[in-house]
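Asks: Below, each chain spelled out in residue letters.
4 protein chains.
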Amino acid sequence: MIQDLEALYQDLHAHPELSFEEHRTAAEVSRRARDLGYETTEGVGRTGVVARLASGRGPTVLLRADFDALPVTERTGLPYASRNEGVMHACGHDVHVTCLLGTMALLARARDRWSGTVLAVFQPAEELGRGARAMVDDGLYARFGTPVVVLGQHVMAIPAGTVACHPGLAFAATDALKVRMFGRGAHASMPEAAIDPVVMAAATVMRLQTVVSREIASMDRAVVTVGALRAGTKDNIIPDEAELQLNIRTYTPEVRETVLGAVERIVRGEAVAAGAQQEPEISTLHTFPPMVNDEDACVRTLAAIGEVIGHERLTDPGASSGSEDVGVFGTSANVPVCYWLLGGVDPDVHAEAEAAGTRNRDIPQNHSPFFAPVMRPTLTDGVTALTSAALAWLEPAPRPASP
Amino acid sequence: MIQDLEALYQDLHAHPELSFEEHRTAAEVSRRARDLGYETTEGVGRTGVVARLASGRGPTVLLRADFDALPVTERTGLPYASRNEGVMHACGHDVHVTCLLGTMALLARARDRWSGTVLAVFQPAEELGRGARAMVDDGLYARFGTPVVVLGQHVMAIPAGTVACHPGLAFAATDALKVRMFGRGAHASMPEAAIDPVVMAAATVMRLQTVVSREIASMDRAVVTVGALRAGTKDNIIPDEAELQLNIRTYTPEVRETVLGAVERIVRGEAVAAGAQQEPEISTLHTFPPMVNDEDACVRTLAAIGEVIGHERLTDPGASSGSEDVGVFGTSANVPVCYWLLGGVDPDVHAEAEAAGTRNRDIPQNHSPFFAPVMRPTLTDGVTALTSAALAWLEPAPRPASP
Amino acid sequence: MIQDLEALYQDLHAHPELSFEEHRTAAEVSRRARDLGYETTEGVGRTGVVARLASGRGPTVLLRADFDALPVTERTGLPYASRNEGVMHACGHDVHVTCLLGTMALLARARDRWSGTVLAVFQPAEELGRGARAMVDDGLYARFGTPVVVLGQHVMAIPAGTVACHPGLAFAATDALKVRMFGRGAHASMPEAAIDPVVMAAATVMRLQTVVSREIASMDRAVVTVGALRAGTKDNIIPDEAELQLNIRTYTPEVRETVLGAVERIVRGEAVAAGAQQEPEISTLHTFPPMVNDEDACVRTLAAIGEVIGHERLTDPGASSGSEDVGVFGTSANVPVCYWLLGGVDPDVHAEAEAAGTRNRDIPQNHSPFFAPVMRPTLTDGVTALTSAALAWLEPAPRPASP
Amino acid sequence: MIQDLEALYQDLHAHPELSFEEHRTAAEVSRRARDLGYETTEGVGRTGVVARLASGRGPTVLLRADFDALPVTERTGLPYASRNEGVMHACGHDVHVTCLLGTMALLARARDRWSGTVLAVFQPAEELGRGARAMVDDGLYARFGTPVVVLGQHVMAIPAGTVACHPGLAFAATDALKVRMFGRGAHASMPEAAIDPVVMAAATVMRLQTVVSREIASMDRAVVTVGALRAGTKDNIIPDEAELQLNIRTYTPEVRETVLGAVERIVRGEAVAAGAQQEPEISTLHTFPPMVNDEDACVRTLAAIGEVIGHERLTDPGASSGSEDVGVFGTSANVPVCYWLLGGVDPDVHAEAEAAGTRNRDIPQNHSPFFAPVMRPTLTDGVTALTSAALAWLEPAPRPASP
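Each protein sequence line maps, in turn, to chains A, B, C and D.
UniProt numbering numbers the first residue of the first sequence as 1 and each following residue consecutively.
UniProt numbering numbers the first residue of the second sequence as 1 and each following residue consecutively.
UniProt numbering numbers the first residue of the third sequence as 1 and each following residue consecutively.
UniProt numbering numbers the first residue of the fourth sequence as 1 and each following residue consecutively.
Be aware that one or more of the hints could be misleading.
Unchecked claim - Beta-carbon label-pair distances, calculated as ranges:
| no. | chain 1 | residue 1 | chain 2 | residue 2 | range |
| --- | --- | --- | --- | --- | --- |
| 1 | A | 356 | C | 111 | 58 to 64 Å |
| 2 | A | 318 | C | 351 | 48 to 54 Å |
| 3 | C | 277 | B | 380 | 57 to 63 Å |
As the list claims (entries may be wrong) - Examples of chain B residues lying across from chain C (beta carbon under 8 Å, computed):
| no. | residue |
| --- | --- |
| 4 | 214 |
| 5 | 216 |
| 6 | 346 |
| 7 | 347 |
These aren't lab readings, by the way, just hints derived from the structure by calculation.
Keep in mind that this is a model prediction, so the values were computed, not measured.
Virtual Cβ for every residue (Gly too), placed ideally from N, Cα, C.
Please put together the full structure from these sequences, using the hints given.
Replies: Here it is, written out as structure tokens:
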């Protein structure tokens with residue numbers, strides 16, 4: 001089976017698709033799900049896929065895998081690297097799909113050992129924070145039933161062979177903003193005729209650093225990243241405007257409000273300092289709510305996973321600065337979520353980098369063009385964890401009456 | 001004839017082409033030049049066109065018009081605005097072509113009144129500073145003869161009806177640089193795993209302002225513009241690198257050396273401060289030498305122009321911060337150049353803005369997406385000036401012997 | 001007795017003295033300690049005072065109050081505001097001295113109820129992080145005996161009536177650095193002859209913001225403050241150098257190393273970018289180790305305090321970003337420390353500001369020129385807490401044999 | 001006589017005094033002027049001195065020397081270096097005084113060869129731009145007569161043996177501003193409770209660089225220097241405010257207005273971006289009008305100087321970025337001014353540095369702590385130039401009637 005998983009993974013990895021454009025992936029997933037005996041529905045929440053397998057009465061358990069990729073140019077040099085120029089599974093969603101399909105196969109094969117309904121949810125557009133909401137709004141629960149729990153996992157740059165889960169507030173809230181700053185273009189030789197938006201944007205980037213360094217208490221947590229800054233097309237033309245894309249992570253509503261207020265104040269103040277004659281435009285690209293793991297659900301789920309992979313391989317990583325919209329599946333139906341991290345880095349490599357104090361530097365993190373989880377034991381561990389977790393919530397099948 | 005000029009101008013304006021891609025323009029120019037009776041050669045210096053008309057013995061006079069456009073999205077709203085999305089004659093080279101063709105028509109018609117050779121040179125890729133060099137290197141003078149003078153003009157945002165010429169050092173030297181700064185990408189939520197190239201680039205832009213503000217004496221002149229800054233594609237990915245495009249104007253070799261040295265020092269210093277693990281790459285996009293108007297040639301040429309348009313309409317604008325590669329035609333053959341500016345702004349609009357002290361703000365300058373010279377009297381003035389100038393250097397035709 | 005405490009407090013507050021210059025304070029403390037029957041020694045660790053009271057056999061308990069003030073110009077407008085221009089008890093050490101003297105009075109009066117030795121330590125120069133070390137190095141323990149525990153408290157801008165204590169790592173490590181950046185002076189009108197240290201320092205301050213915003217994981221904690229920046233004396237002279245004073249807070253050796261490394265890299269990189277011809281000088285002004293509260297000692301001490309003031313008035317504030325050298329008394333003798341925070345803000349004012357979300361803005365914090373703890377119930381609470389704590393570690397006096 | 005001049009110069013140099021505190025200098029000057037036979041008045045314009053010598057009828061000629069020093073700590077290492085800690089004749093006013101006294105001696109001795117009145121004006125507080133105005137406002141002309149011309153000189157870091165004079169606009173206008181930016185202080189470990197004025201000031205300094213780099217045409221001239229930046233006293237206290245001192249040089253009213261407007265806009269915008277709750281305060285420290293040399297007066301004066309020192313040693317340095325209030329003596333009486341620069345650098349040293357391209361780096365300029373004019377031939381040249389100039393405006397004495 002591991003060969004099947006690896007072949008599937010390599011195929012998915014080689015064919016990444018951007019958010020809400022996961023057409024090939026959706027078709028592939030559907031085909032395979034149907035082959036496994038699942039009732040399959042495509043187009044849920046634009047490009048999402050729902051696959052359902054019932055086995056007698058009992059609870060519905062939602063297993064979620066997100067399946068979109070990122071606008072990153074892959075630089076891993078792997079034989080199965082992306083064939084879609086400029087698009088890459090740099091966040092490992094291909095691992096999630098592979099493991100969920102593997103789990104679906106096991107559960108289908110072991111159908112006589114459990115009772116209830118497995119709801120496999122392949123979600124689009126996680127990177128935009130919009131896919132879970134789109135599926136829920138498309139009638140997910142009305143059409144396919146409400147689960148008792150939402151389970152899922154995310155591959156991360158932690159040692160393969162480990163599963164990490166933080167009960168409670170586990171992932172940050174995200175606010176992604178687009179900021180347009182307006183100057184006035186002119187010939188590069190005549191800055192006096194321009195209001196230079198490149199300088200305006202650069203001053204803004206420098207000042208934005210002070211939000212975290214000066215306005216947030218050191219015991220609070222926040223991240224303000226300018227992920228993209230684009231202005232101008234040519235050396236000899238001062239452009240009319242500059243565009244910044246910001247990604248903001250916070251953990252509490254108070255800190256979120258402080259950060260968003262400071263960002264807006266700085267953007268507007270820097271435009272004033274630059275003499276801009278048009279107000280900057282600040283718009284929301286997407287937002288993620290903070291993601292909260294249900295504490296009881298975690299206890300139950302992790303007990304089952306630990307039973308199989310060994311309790312010593314479970315860790316608590318603390319709250320992550322990452323964001324996830326998996327929580328939307330829970331909050332919208334008021335059901336608990338348990339979502340964990342799956343190790344994807346060769347443990348020896350990890351240990352070495354840790355010892356050298358160069359972990360962050362030497363191990364490509366999610367979203368890096370070099371991000372490359374090892375297939376073994378990541379894929380089988382992911383299948384094992386997800387299957388154990390699902391079985392912890394499905395009911396054991398009633399023993400057949402003895403003849 | 002003015003209708004012809006305007007129709008020609010509108011056609012050129014509506015079909016701008018980027019540097020070294022001026023195929024339609026070259027074909028159009030060739031066709032018209034041939035119709036006027038000129039021997040015409042295309043493909044000189046890649047896309048340049050040379051048109052030649054001899055009339056007896058006498059000096060060769062080179063009349064030059066550049067004909068490439070810019071990667072600017074036109075926003076003038078004119079009925080004859082660019083039909084090529086993202087490309088615009090924002091520097092007025094379409095005026096230059098129109099006026100040279102108009103002059104060629106007049107000179108062809110008046111062929112019996114002068115003696116010598118008219119060499120009309122339609123130059124590509126002035127915006128890159130490479131077209132004049134390309135034509136010279138393609139054997140311009142060996143193939144078409146060496147002129148006694150190089151004449152040309154540039155439409156500018158000064159009052160239409162005026163001709164402005166600065167003898168001596170008239171246009172700045174330009175150095176256009178591309179700077180790549182290398183960081184290390186990571187997920188936006190984990191800046192600690194990244195070396196953020198957006199911040200590195202922003203700090204560099206701010207520091208580059210000090211080259212002019214602190215390192216150049218106030219009596220010297222220099223401009224350092226960052227015309228383009230591009231880093232990242234998405235809010236939630238810290239990119240691997242940032243790219244800056246710089247445009248630098250200087251007037252003396254000493255100041256040029258100081259500025260280039262300071263720019264390099266700052267770029268490298270900021271990379272060090274950022275902890276970059278790869279040196280920045282600084283490469284030259286293009287350079288223009290300073291352009292020097294021959295003083296004697298200016299006296300002779302301007303006398304002729306003033307005779308026709310009125311001496312009171314001639315002004316000396318001082319040295320411009322603009323750059324021009326027209327000088328290459330002179331220095332490579334060691335012949336004098338006289339190059340002047342042609343007014344293109346409605347004089348009333350200009351006077352009003354001047355009175356309000358808002359000239360730079362209210363009148364779109366060259367390279368602006370709103371740049372729009374008025375056709376009248378700009379086009380006829382341009383023809384008049386260039387024709388008068390040419391006749392000042394051609395010999396008068398010998399009087400026909402009386403029968 | 002409250003009147004006595006208040007009179008003492010007001011006298012101390014009106015006569016603040018800088019670190020290692022606490023001569024009047026030391027004399028006043030000595031006089032009062034002797035009046036209470038304590039053996040008193042001045043000049044321990046330059047200006048420190050040790051007062052000792054033994055009562056039979058039993059453990060020695062060290063009670064510590066720091067007594068230096070800050071170079072701050074008081075702006076409270078209080079009738080008992082500082083009479084020493086430019087010096088202020090802006091950190092509340094006058095509260096500590098008052099409460100320790102009050103405790104000493106109670107313990108002296110109740111001498112028959114306990115057995116052991118009270119070692120009251122009045123420490124100089126806490127603000128420099130050097131006073132505790134100076135006293136220890138001056139033979140504190142050899143001369144006056146080694147205690148079984150070190151107890152102390154710090155008044156803070158939390159509600160009066162509460163006592164806050166965080167067992168474990170309670171206060172950050174501090175590194176205070178002086179950075180001298182060297183340029184080259186010149187007349188203000190000739191920046192081209194200078195290497196401007198004002199710009200160099202400003203660029204450095206901006207870049208230093210990125211240490212916390214970009215180089216530290218959001219789950220780690222660090223503060224990098226430039227508390228002082230001084231360059232130049234006059235508008236028309238570009239000075240030769242600039243001086244920055246940095247204050248850095250960290251909680252783990254790894255983060256401390258990262259931050260110190262980044263600060264040095266940035267300072268040196270910015271000097272390179274500026275073209276400085278002399279390397280910056282970075283020197284250490286003072287350092288504080290992180291301060292660790294012994295968990296068992298806290299349980300024992302807080303139980304005793306809670307017994308008297310009410311357990312509901314005890315809180316755990318988490319680790320503070322402040323620093324303290326009280327820990328040196330513990331680590332140098334390998335004995336446990338329990339150090340807590342004493343509320344000093346009117347609880348109604350605090351609640352109001354908390355409700356309005358303006359706590360940090362409206363309530364003057366330690367080191368502010370407006371810092372002004374309320375005397376009631378702060379002073380009596382401080383005496384109560386410290387006395388209860390001391391008695392928890394002294395032995396109860398043996399019951400007198402019945403006749 | 002050269003020995004006398006050198007002794008005088010060394011004495012003045014060793015005893016520099018700040019603006020409006022030139023008490024010893026004034027007394028010394030008065031004593032010597034009286035010894036030479038001049039009527040002398042002290043206390044004109046606070047600390048100024050006027051010395052008058054009439055010889056028959058004829059025009060009054062004003063010879064001006066400024067005599068204040070600067071708050072600079074001398075680092076020349078000269079045997080006659082400043083004995084007043086922190087004060088230095090770093091602008092060479094001691095040369096001016098020495099040369100004027102030398103000239104006064106020559107004119108007194110040659111009293112029978114000229115007719116008219118010599119008005120020697122020793123002006124205080126030139127560095128503040130207030131001394132000339134103070135003397136005029138104190139009734140200079142009403143009390144001592146109105147001159148036909150104002151003559152004076154300034155020693156500069158140009159080759160000794162040369163005299164440089166630019167007719168017309170010769171010195172820039174100066175505006176010196178004090179900017180106070182208000183934040184909110186707090187403990188260094190709690191930036192979230194502060195509005196950090198150090199960061200606010202640093203961001204402002206960086207943004208101010210863009211006034212010259214982006215808002216002034218390269219053909220215009222302007223200098224914006226932040227000569228002093230002072231905030232905070234201690235590493236662990238975030239201060240309440242920061243103070244900047246700016247020195248601004250411009251040459252035309254239009255550019256001056258643009259620069260002052262941009263500075264104010266930037267200061268206010270940066271305060272907004274910082275979230276300052278109090279508007280910055282911008283106040284004027286002093287201003288100098290631009291100084292205009294009368295063209296005719298220069299022709300007459302320089303002819304006389306050239307006659308004596310050799311016309312080949314006269315140069316035109318162009319307009320200086322320096323400022324001078326000597327012009328106030330001319331404009332307030334509507335009389336012409338001729339003011340020139342006197343070389344003070346060893347010509348060989350100058351030539352060497354010039355050849356190496358390191359003039360600005362290797363030769364200490366005015367206001368540098370290393371500024372040290374060579375005494376020979378500077379002092380005698382200064383006396384010669386000033387005496388020749390004075391005699392060019394005084395009338396020759398009528399020939400004595402023959403007996």
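Asks: Hints first: check each against the structure and report whether it holds.
Replies: Tested hints:
1. 356/A x 111/C: 58 to 64 Å: Check passed, 60 Å falls within 58 to 64 Å.
2. 318/A x 351/C: 48 to 54 Å: At roughly 32 Å between Cβ atoms, residue 351/C and residue 318/A fall outside 48 to 54 Å, so the hint is violated.
3. 277/C x 380/B: 57 to 63 Å: This hint holds: roughly 59 Å between Cβ atoms.
4. 214: holds, 4 Å
5. 216: Status holds, d = 6 Å.
6. 346: violated, 40 Å
7. 347: violated, 39 Å
Against the hints set out earlier in the document, violations occur for numbers 2, 6, 7.
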